[in-house]
Structure formats: C-alpha cells, structure tokens
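*Asks:* Starting from the given sequences, assemble the full structure and let the hints guide the process.
From first to last, the protein sequence lines are chains A and B.
Here my numbering = 1-based position in the first sequence + 103.
Here my numbering = 1-based position in the second sequence + 103.
Honestly, the hints are just simulated from the structure, not real lab data.
In this text, a Cβ means the ideal position worked out from N, Cα and C, and glycines have one as well.
No false leads were mixed into what you were given.
One side only, chain A facing chain B, incomplete, derived with CB under 7 Å: (1) S105; (2) Y109; (3) L129; (4) S135; (5) S171; (6) S206; (7) P297; (8) G298; (9) S320; (10) Y324; (11) E341; (12) N344; (13) L346.
Per the computed footprint, the stretches of chain A lying under chain B, defined by three or more beta-carbons under 8 Å from a beta-carbon of chain B, are: (14) 114-121; (15) 175-189; (16) 285-296.
Number of protein chains: 2
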Amino acid sequence: MSNKIYFTPGPAQLFYTFEEHLKKALFLDIPSISHRSSTFIGVVEETTAALKELLEIPNGYNIYFLNSANEAWDRIIQNLVDQNSHHFVNGSFSQKFYDFALSYNKTSTITKVEDGAAFTNWGIPEEAELIGITKNETSVGHSFLEEEIASLRKKNPDKLIALDIVSATPSLPIDLSQVDTAYFSVQKAFGLPPGLGVWIANEKCQEVALKRANNTSIGSYRALPNLKKFGDKNQTPETPNMLFIYLLGKIAQDILQAGVQRMRNDTTYKAAILNQAIENHQLLDHFVASKDHRSKTTIVAKTNDPEKFIQFFEKRDIILGTGYGPHKKNHIRFANFPTHSKESVEMVCDLLEKIE
Amino acid sequence: MSNKIYFTPGPAQLFYTFEEHLKKALFLDIPSISHRSSTFIGVVEETTAALKELLEIPNGYNIYFLNSANEAWDRIIQNLVDQNSHHFVNGSFSQKFYDFALSYNKTSTITKVEDGAAFTNWGIPEEAELIGITKNETSVGHSFLEEEIASLRKKNPDKLIALDIVSATPSLPIDLSQVDTAYFSVQKAFGLPPGLGVWIANEKCQEVALKRANNTSIGSYRALPNLKKFGDKNQTPETPNMLFIYLLGKIAQDILQAGVQRMRNDTTYKAAILNQAIENHQLLDHFVASKDHRSKTTIVAKTNDPEKFIQFFEKRDIILGTGYGPHKKNHIRFANFPTHSKESVEMVCDLLEKIE
Chain A
104 MSNKIYFTPG
114 PAQLFYTFEE
124 HLKKALFLDI
134 PSISHRSSTF
144 IGVVEETTAA
154 LKELLEIPNG
164 YNIYFLNSAN
174 EAWDRIIQNL
184 VDQNSHHFVN
194 GSFSQKFYDF
204 ALSYNKTSTI
214 TKVEDGAAFT
224 NWGIPEEAEL
234 IGITKNETSV
244 GHSFLEEEIA
254 SLRKKNPDKL
264 IALDIVSATP
274 SLPIDLSQVD
284 TAYFSVQKAF
294 GLPPGLGVWI
304 ANEKCQEVAL
314 KRANNTSIGS
324 YRALPNLKKF
334 GDKNQTPETP
344 NMLFIYLLGK
354 IAQDILQAGV
364 QRMRNDTTYK
374 AAILNQAIEN
384 HQLLDHFVAS
394 KDHRSKTTIV
404 AKTNDPEKFI
414 QFFEKRDIIL
424 GTGYGPHKKN
434 HIRFANFPTH
444 SKESVEMVCD
454 LLEKIE
Chain B
104 MSNKIYFTPG
114 PAQLFYTFEE
124 HLKKALFLDI
134 PSISHRSSTF
144 IGVVEETTAA
154 LKELLEIPNG
164 YNIYFLNSAN
174 EAWDRIIQNL
184 VDQNSHHFVN
194 GSFSQKFYDF
204 ALSYNKTSTI
214 TKVEDGAAFT
224 NWGIPEEAEL
234 IGITKNETSV
244 GHSFLEEEIA
254 SLRKKNPDKL
264 IALDIVSATP
274 SLPIDLSQVD
284 TAYFSVQKAF
294 GLPPGLGVWI
304 ANEKCQEVAL
314 KRANNTSIGS
324 YRALPNLKKF
334 GDKNQTPETP
344 NMLFIYLLGK
354 IAQDILQAGV
364 QRMRNDTTYK
374 AAILNQAIEN
384 HQLLDHFVAS
394 KDHRSKTTIV
404 AKTNDPEKFI
414 QFFEKRDIIL
424 GTGYGPHKKN
434 HIRFANFPTH
444 SKESVEMVCD
454 LLEKIE
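*Replies:* Structure, rendered in structure tokens:
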C-alpha cells in the first residue's frame, strides 16, 4: 500500500491487517485450491462463524456470498418481491434499490424525503410485501435509528424488512432480529477490496422464495433455496471469490479479537471529535440536520468549497471523500471505519483547523 | 504461493507474474481508489484494450465485467432469451447452462450426447432464439471445433449463438465473429483467483435486449443496455472487483508481450506430449474418443485408479485435477494453461512413466 490514508467511504482504506492475511492466503494457495475441497469448506465455515459472532446474527438467519450490494438489491427483488416493495429514500443508495425494483417491473412505492432528512411519515401501503430501509445512507450520512426499525417491524409484522447495512456494519450495533434480510459489501467498514457482498436472510425469506418459485422464476444459481442448499454444506453454488471470503473471515476474527465493544467505543469517539471539528469550523456545517440521525461511520459536512479541503488534505497524503452525485460540489465526506485509528482521526481534526 | 504446482483446471495455478502485479496494485492503492476516478477508468480502458487485442475481439463487440461464468449464464438468459434456447450438452457445464434456462422457466431444448462424445446431429428447433455451445467442456475435456461453430452459424444466421470460452481462452484461437456472445471466468487459463467473469456481446445482443425490455424485465444493473451505458465510458454500473480487473489486464498484456503465437504453439506442444504420455501408459486411456475433439487445455484420461495418480503426484507437490462430478472415480484431468511451462509438463510426463 502507498503512504496515503483513505478517509473515503468506499472503496476505502484497507484494513490494517489486510496485507498480512493476503500473504498468508497466497502461501496457503487459497486462490488455487478446489472450491469443493475440505480446506475451502473450512474457510467458508470459519468466515461464516466469525461473521455470525461479530454481527450477532440470530439463529435461523443464514449467510450467503454475493459480489456486491448491487447484487443484493437485484437478488432480493428476484427472490422476495412478487409485485410490490416499499422504499424509504433520502439519498442515492436507497433510491437505487427502489430503481432496481422498477427495473424488474414491480409496482413498488416510495416514501421520499429530501436527501439526508429524517423520515416522519411511517405509513406503508398494504400491498407492500417488503420494506427497504438503509441503515446508513452512505451518500449523505443519514442513519436510520434502531428504534425506527423496531417500530416499523412492530407495525408491519407480516411484511419482510430488508436492511441495507453497507458501511454501517460492523461499526454499529444492529439488531438483525428486527429485520428479515440484510446485506453489505466488504469494501467499506471491513476494509477489503470491492468484489464481495454478504447476504443475510432468515427462514421467512426462504419460505417466501420457495412459495414464489411455484408460480414464477426466482432466478438460477442465486435463487435463495439454491444458496441454502449449498450454504448448508458451507459451500457456494459457483466458484466464488475464494480469496476475499478467506480475507473477510480473517478480518472479522481480528475485529473480534481486538474487542467489538472497544471498536464501537472508538467509532463513537472518532465520530464525536469529527462532528466537533465540523461545528467549530466556520467553513463547514453538518449536512444532516437531525443530530440523532447523523451517521457515525460516514460523517458528511457541507461547504461552499469542498475542493479547498480535498486538495489541502491530498497534499498531505490524506484522501477525503467527495460529495456523492448531486452533492459533489457542496459536500465532503469522512469515513470512520474500524481501520481508522483514533490518532489518524485526531490528525484530521487538527488539520481541519488549519484551513481558513 | 507455496511450492506446489497446480495442474487442476480451475481454480488453477496462478499466472507466474500474478504476485508481481498484485504488489504493484497494492502500491497503487487500486483497491482503495474511487471506481469513478480517472485512474480506475484508465484501468478499465487498459484491461479492455488488452483483452480486445489478445482475444481478437471483432469491432462491434463489447466487453463487460461480471463475477463468474455462472453469472454469464444467468445474465444471458435474463437478457437474451424470451422463450427458448437450445443447448449442445456433453458434460456438466454445458448441462448447467441448460439447467439455468429451465430455472428461468424457459421451454429450452437440448441436444444431448454421452459425456465427452462428439455431436453428430446438428438440427436446431426453429423456435430457439439462442444456441448455447461450450468451446471447451472442462468437465470431460471435449472441444468444439471451429468449423462446427462456423457451420452452426451458417445454418442459423438469425439465431444468437452464445459460446462458453471458459478454460479455452486465451490458449486457443477462437473466431468470435462466428458467435454473438461469449464469456469466461478468470480462474482458468488466465491464472487469476476466482471472482471475476468477462462477458463479450455484440450489437445484435444489445438489439435483442433492448427489444425484449419493451415487454419484460431484462434485469437491473446488469441489463445489457445498462452495462453498455457504463461500459461506453469505461465504467461499470456498480463498484466492481477493481483489483482483479487490474490484474486481468496486466496478465493479458504479459501474454501479448511474450507472444500469443508462441503461447499457442507451446499449448499444442504440451498437449501433444501429455496425450502421448497417456497413450503410452498402460493404466491410462483418452476419455474423449474423437481425436479431433480432444481439448488441448483440459486433457482428460480415464483410469481405474485415479487416486493412485493423484497421490503419487501430490507427494511431489504437483496437484492434478480429479474427475468432475460423476467421473470422480475414473478420470484424472491435466490443465494446460499459459502459466504451465513446457518444462513442468515434461516433468509431469516423466513422472507418469514411473507409475505402474
């Protein structure tokens, strides 16, 4: 790796133990061994076990390997939505999930507020089969509250809830028992290169997919019952991204070993000092108005001159995130992931003070 | 990497320059930079250009990045097949493509012969919209001849032809102008870890996908028109497997630099000595009866005692391929990919002689 530190919210800074595990993986020939070998079955088992512990995945929920969060949207619609899904949208990624549903000719519906705004209307159309929520809207730094998710669950016990936990997990505690399915890509808070996605789904999802399969196609190799058939044996239907599955397991183990609570305390501390630095800065302001809904893992500041900040930091080998999509010209984003040390975030805060 | 040499037909031995390029990729922060950055757009451009030259991809054919050949089957059916596809099946992988079509509730048809047998009946049902052919049936070592593909093309000018070039490309010369779409995964002859697939499709495929999109869903982010929209800008719809796209380009460049013709001559030489060794061996015989249809890249021998061979070689840190699926107990397979040196194959032949 170069001397740069990436505070971009994904692709992001690689996890600090990444290279060490990569070397070991090559030494073990992980990319060359058979994906049906007992060695690789052991890798899938180990990675699955580490994720189950780290993410506190409830019993009856299974883990499947995809290639991106985009694919999770795609497969969720294919497998779990017959006619309607309902989406809470306040940024580009929650919007995309809704767009994917439309591309599958679903008559999906949407509760849309301004980018980064908190939701106030919690009504869901009766015909919605699945509710799409984004725990951390990476594009604008809005965080869905745990009590908001629990309340949706309580009011809609018969609907599936799909939770996007990209760039939220494993940094934030998330009660997965309040949702039926969740998904993330590994190039955010896990500090891996992009190319692997993780899809968590409970038995209710399996039932819905199986039932739908009687009347329609739910896809091929990544139909949920097929994923489960192989997953139950710690296998995958196809030759998967074996190297990244191995590395994900190792990084999950490292985070567990170092202490999940400590990592989460650090996340809170780093978010607090970044937020303070934004508040103290005359050229910066919070983008998300509601303090409670500000993301701890993707801190978004608005400014009239993002380039000033980005270039100042880039000269010092620190790469900040630009604003996403329509916000490119008036936002900067700071990722706050487990690999970012407290010292490096303190340095960012100190440097911010020097920009006038 | 360990001291082992993998002659398994995928996942396979990593390309001999893999580690060098991997180190460079990490130094350049390829896994951390933005997938929308000019640097990564340059990577996609470079990889695409190298593949176009190496595979002699005709004008009007575009390259898109998927995650596996399994995904190519999935996306081809989603995008290009309305009701019927027809599949030439003489092994497990050609069978799987047909099975994928059925899982999408297509009324697809099949010309099935015994595993590894050559085809003699070339009739195609009139209603077939797409013909599925497997250039190299990796499971049993059968190779489709270039003249067979050309003849199918001539007799079926209005149907799409989809060619599976997994474990065939870039080792074998393939006239892609005789087909409309082709696909491969990188963990075979390119010597990369699994997790990336390449999908080549011509303008006729785009037209079919666009036309179908008026009446039905052709998928979401990996609908062909969406892949083209991003591909035309050397981008991908989602955050892709950036690291492997970079590495694929570098390995393609290395093969070009070392000389494609030389690599193909070497492939022919290595296949010839392996075939000779099989013929000379009293415990081995060719599985594919038709000499012309024997794969040069996946040499398959039948034997009553595959474990004897596999264990003998494993003791010497050489990993042979087992038989695939139903042939596990009476086949061994030898991959013959660009990374396998003539010397290493000569060594395998010499060692074969020692087994009695």
